Structure formats: structure tokens, C-alpha cells
Amino acid sequence: MKYGEKEIVEFDINKEEHFWPNNHSKNYVIDIELPEFMAKCPRSGYPDFATIKLKYIPNERVIELKALKLYINSFMFREVSHENSANEIFDTLYEKLQPKWMKVVADFKPRGNVHTVIEIDSDKM
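Numbered by the UniProt record's numbering, the letters in the sequence shown go through residues 1 to 125 in order.
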């Protein structure tokens with residue numbers, strides 16, 4: 001196993017070291033785009049590719065960017081649907097960060113003439 005694969009496979013989003021204190025009391029938006037998301041279709045096993053967009057107003061903590069990258073990359077070995085992957089990303093990050101506001105958009109590349117975009121916004125929950 002190559003060192004990058006090992007780092008992804010062994011990554012644990014639950015470790016506190018992946019989250020840093022937010023040292024600013026004002027509201028500000030963190031806007032992150034991860035264009036290399038990949039997971040396997042649970043029916044066919046074919047790869048599904050997406051751009052994951054994360055926006056949030058931090059509360060007491062923020063996520064370290066390398067940790068976010070490794071968390072997103074950890075999906076590449078899993079069989080998970082578009083809807084389930086987007087909701088899992090939102091739920092996990094919302095639980096860990098407890099932001100004032102958060103939005104996740106999963107924009108999947110077209111496959112079989114179907115283009116899927118999943119949007120989850122904490123204001124709409």
C-alpha cells in the first residue's frame with residue numbers, strides 16, 4: 001500500500017487534532033471546494049466523481065484543511081450513493097463543527113446522461 005492510500009485508509013475524522021479553535025468572534029464564511037471527490041456506485045461499482053462545496057460560518061472551531069481532504073478522499077474506497085455520501089458529509093461535519101450555519105453541495109459529474117446536484121443547507125432543516 002502506498003503512503004497516500006495508507007493515510008486515507010487510516011484517517012479518523014473523530015480525532016480532536018483535526019479541529020482547531022476559531023479565534024474570531026465575528027461571523028465570517030469559510031468557502032472550500034474539493035473537486036476530486038470519488039465514491040463507487042453501490043449497484044454497478046463504477047466510480048462516481050463530484051465536486052464537493054462546503055460553506056460554513058464557524059462557531060467555536062474550524063476543520064484543518066488536510067483533515068477535510070483526507071475525510072473526503074476516504075469515500076473513494078466505499079460503495080455509497082450520491083444522496084447518502086452528500087448527507088453523510090453534511091451530518092458528520094455539522095456534528096463535529098457545530099457551525100452557526102453550513103451548506104454542502106455535491107455536484108456529481110454526469111453519468112448515463114444524468115447530472116445530479118445534492119444541496120444540504122442547515123437553514124432549510
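A portion of the hints provided could be inaccurate.
Claimed, not checked - Here are the simulated distance ranges between beta carbons:
1. Glu119 x Asn27: 31 to 39 Å
2. Pro110 x His24: 37 to 45 Å
3. Met76 x Pro21: 29 to 37 Å
4. Met1 x Val29: 16 to 24 Å
5. Pro35 x Asp12: 18 to 26 Å
6. Asn22 x Glu79: 29 to 37 Å
7. Tyr3 x Asp123: 36 to 44 Å
8. Tyr3 x Thr116: 16 to 24 Å
9. Lys109 x Trp20: 17 to 25 Å
10. Asp123 x Gly4: 30 to 38 Å
No wet-lab data here; the hints were simulated from the structure. Bear in mind that the values here come from a model prediction, so they are computed numbers and not experimental data. C-beta: ideal position from N, C-alpha, C; glycine also.
Earlier hints that do not hold, by number: 1, 4, 8 and 9
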